[in-house]
Amino acid sequence: MRRLDVPLAGSVAVARYVVELLFRSRLVVLLFALGAASVGVSVVLTFLTPGTERRMFFDAAYLGLEALALLGPVLGATVLQILEFSQQTIWLVLVRPPSRPAYLWGRFCGLVVASLSVILAVGALLAVACLAGGAFPEPFFLPVLAAAALETVVVCAVASLFSLSTTSYLEGVVLMLGVVALGYLSSVLPALAASPDWAAFKPALWVIYWILPHLSDFAVRDFSAAPESWYLGLLGAYTAAYAGAVLLVAAVAFARREV
Amino acid sequence: MRRWPSRGVKCSLAAAALLLVANLAGDRLAARAAERRLPYAGPERTVGSKVAEGFALRKIMADRRWFEILQYSGDISFVLEKGKDLPRMMEAATDIDPRFVHLYSFGASTLMWELEQPAEAVKLLRKGMTFNPEEKRLKMYLAAIAYREGSDLAGEVGILEALVESPGSPFMLRRILANTYAKMGRYRAAARIATLVLETSGHHAERRWAAAKIAVWSQEKDR
Numbered sequence: 043m044r045r046l047d048v049p050l051a052g053s054v055a056v057a058r059y060v061v062e063l064l065f066r067s068r069l070v071v072l073l074f075a076l077g078a079a080s081v082g083v084s085v086v087l088t089f090l091t092p093g094t095e096r097r098m099f100f101d102a103a104y105l106g107l108e109a110l111a112l113l114g115p116v117l118g119a120t121v122l123q124i125l126e127f128s129q130q131t132i133w134l135v136l137v138r139p140p141s142r143p144a145y146l147w148g149r150f151c152g153l154v155v156a157s158l159s160v161i162l163a164v165g166a167l168l169a170v171a172c173l174a175g176g177a178f179p180e181p182f183f184l185p186v187l188a189a190a191a192l193e194t195v196v197v198c199a200v201a202s203l204f205s206l207s208t209t210s211y212l213e214g215v216v217l218m219l220g221v222v223a224l225g226y227l228s229s230v231l232p233a234l235a236a237s238p239d240w241a242a243f244k245p246a247l248w249v250i251y252w253i254l255p256h257l258s259d260f261a262v263r264d265f266s267a268a269p270e271s272w273y274l275g276l277l278g279a280y281t282a283a284y285a286g287a288v289l290l291v292a293a294v295a296f297a298r299r300e301v
Numbered sequence: 357m358r359r360w361p362s363r364g365v366k367c368s369l370a371a372a373a374l375l376l377v378a379n380l381a382g383d384r385l386a387a388r389a390a391e392r393r394l395p396y397a398g399p400e401r402t403v404g405s406k407v408a409e410g411f412a413l414r415k416i417m418a419d420r421r422w423f424e425i426l427q428y429s430g431d432i433s434f435v436l437e438k439g440k441d442l443p444r445m446m447e448a449a450t451d452i453d454p455r456f457v458h459l460y461s462f463g464a465s466t467l468m469w470e471l472e473q474p475a476e477a478v479k480l481l482r483k484g485m486t487f488n489p490e491e492k493r494l495k496m497y498l499a500a501i502a503y504r505e506g507s508d509l510a511g512e513v514g515i516l517e518a519l520v521e522s523p524g525s526p527f528m529l530r531r532i533l534a535n536t537y538a539k540m541g542r543y544r545a546a547a548r549i550a551t552l553v554l555e556t557s558g559h560h561a562e563r564r565w566a567a568a569k570i571a572v573w574s575q576e577k578d579r
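Chains A and B supply the protein sequences, listed in that same order.
Counting in my numbering, the first sequence tops out at residue 301, every number present.
Counting in my numbering, the second sequence tops out at residue 579, every number present.
Hints are computed from structural coordinates only; laboratory data are not their basis.
Predicted model only: the values in this text are computed from it and were never measured.
Any given hint could turn out to be false.
[What the hints assert, rightly or not] Derived CB-CB ranges, DEER-like:
#, chain 1, residue 1, chain 2, residue 2, range
1, A, Ala109, B, Gly558, 34 to 44 Å
2, B, His560, A, Ala236, 52 to 62 Å
3, B, Arg564, A, Ala75, 30 to 40 Å
[To be verified] Residues from chain B that keep clear of chain A, each with C-beta distances beyond 12 Å, as calculated:
#, residue
4, Gly364
5, Leu374
6, Arg401
7, Lys415
8, Phe434
9, Glu472
10, Ala499
11, Glu505
For each residue, glycine too, the CB sits at the ideal point set by N, CA and C.
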């Protein structure tokens, strides 16, 4: 057997293990229920705001979808961290192949598959609600869904980094949520760096800006008009590059970690 | 013997390279996103508005303000105070999302035809037209107010007639036009507007009003 085959097979096995674990722990079902509830709340809001039913429905539904894109990976990675490290089942996984990088990659892929399954399921439910209410065509629907899916991949990478490099799951959750919140606010950093009041901190602000994920660029639901296809394509390229960078850092951090 | 550069160094360099690629794409995305974001209509940017924009919550916050406006409009204090808080609430809501067109049409209708504050209504409409130049409805509202101010009832009714036929027209405007027709003695036209409300409205109270008016106006003869 070639050495290259072992990491790939190991990664696939780990990914499958992670997906099964997240389904068995009912986290995926819980997230889908939250998504369904957000669609339900959106429908209720239409009865309370005459004349703007369509806007209320979509604004609330899109916010719910994006919240799931953030919560899914954070909760998923936390559940994995609790189950693997607290119960120390990770020893069983790592005592045989796969290698640590293969484990990291498989874990990330499993987390992405589980998170995307929730996003797509809720997206399908939203589409059914729209069809039932005659709300299509809606120019924002596919861009918001695509952006939420890409955003969840970025957050999965960040969640994988912190859940594998921190010693407690609380620490991991705080760091994950902190980076997500700062990621949204990162859009104000260039303006701050350009301001004369913050001139002394300009280099640090730019470094922080480059390191943080630019999550506000994924929030296309708050745009005044639907984004173009090239914007979504470039968002995909950003996702691949940023997630790749974070996973490489996670690989270095995980390689040094005592399990 | 350890190889140099070590795997950790190689991974770190690769991560830095990917981060550079990501930021090159990110710069273009940020520029386009800045162009696509909602404009800010207020006198100055508050910290709260910048945070709301960072978390992409402008539309949601404008929706919340709209909900508060609806609740205020249906409250007894709105009648007793003659809607004194409405101009301030409309200003705050349209500052957050100046492209929320329904706010302008609802606000202008209420200010003009219910509260008899034409100056405030015109000010609101002009703000709406600045940020939504493609919206013909707002221009028509302005024209209807102009006719009203010039006591040109026929002109006002003509504009209102075109406005109530457009989708998303506020119920209040349709009610105002129907009552205006009734005052002019044009009961068949009034009943036609009430029938439009009955057929298109999704709200029980509005349909109940329409059914009651149709029952009365269909019995009257045009003057």
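Which numbered hints are broken by the structure, listed smallest first? 1, 4, 5, 6 and 7
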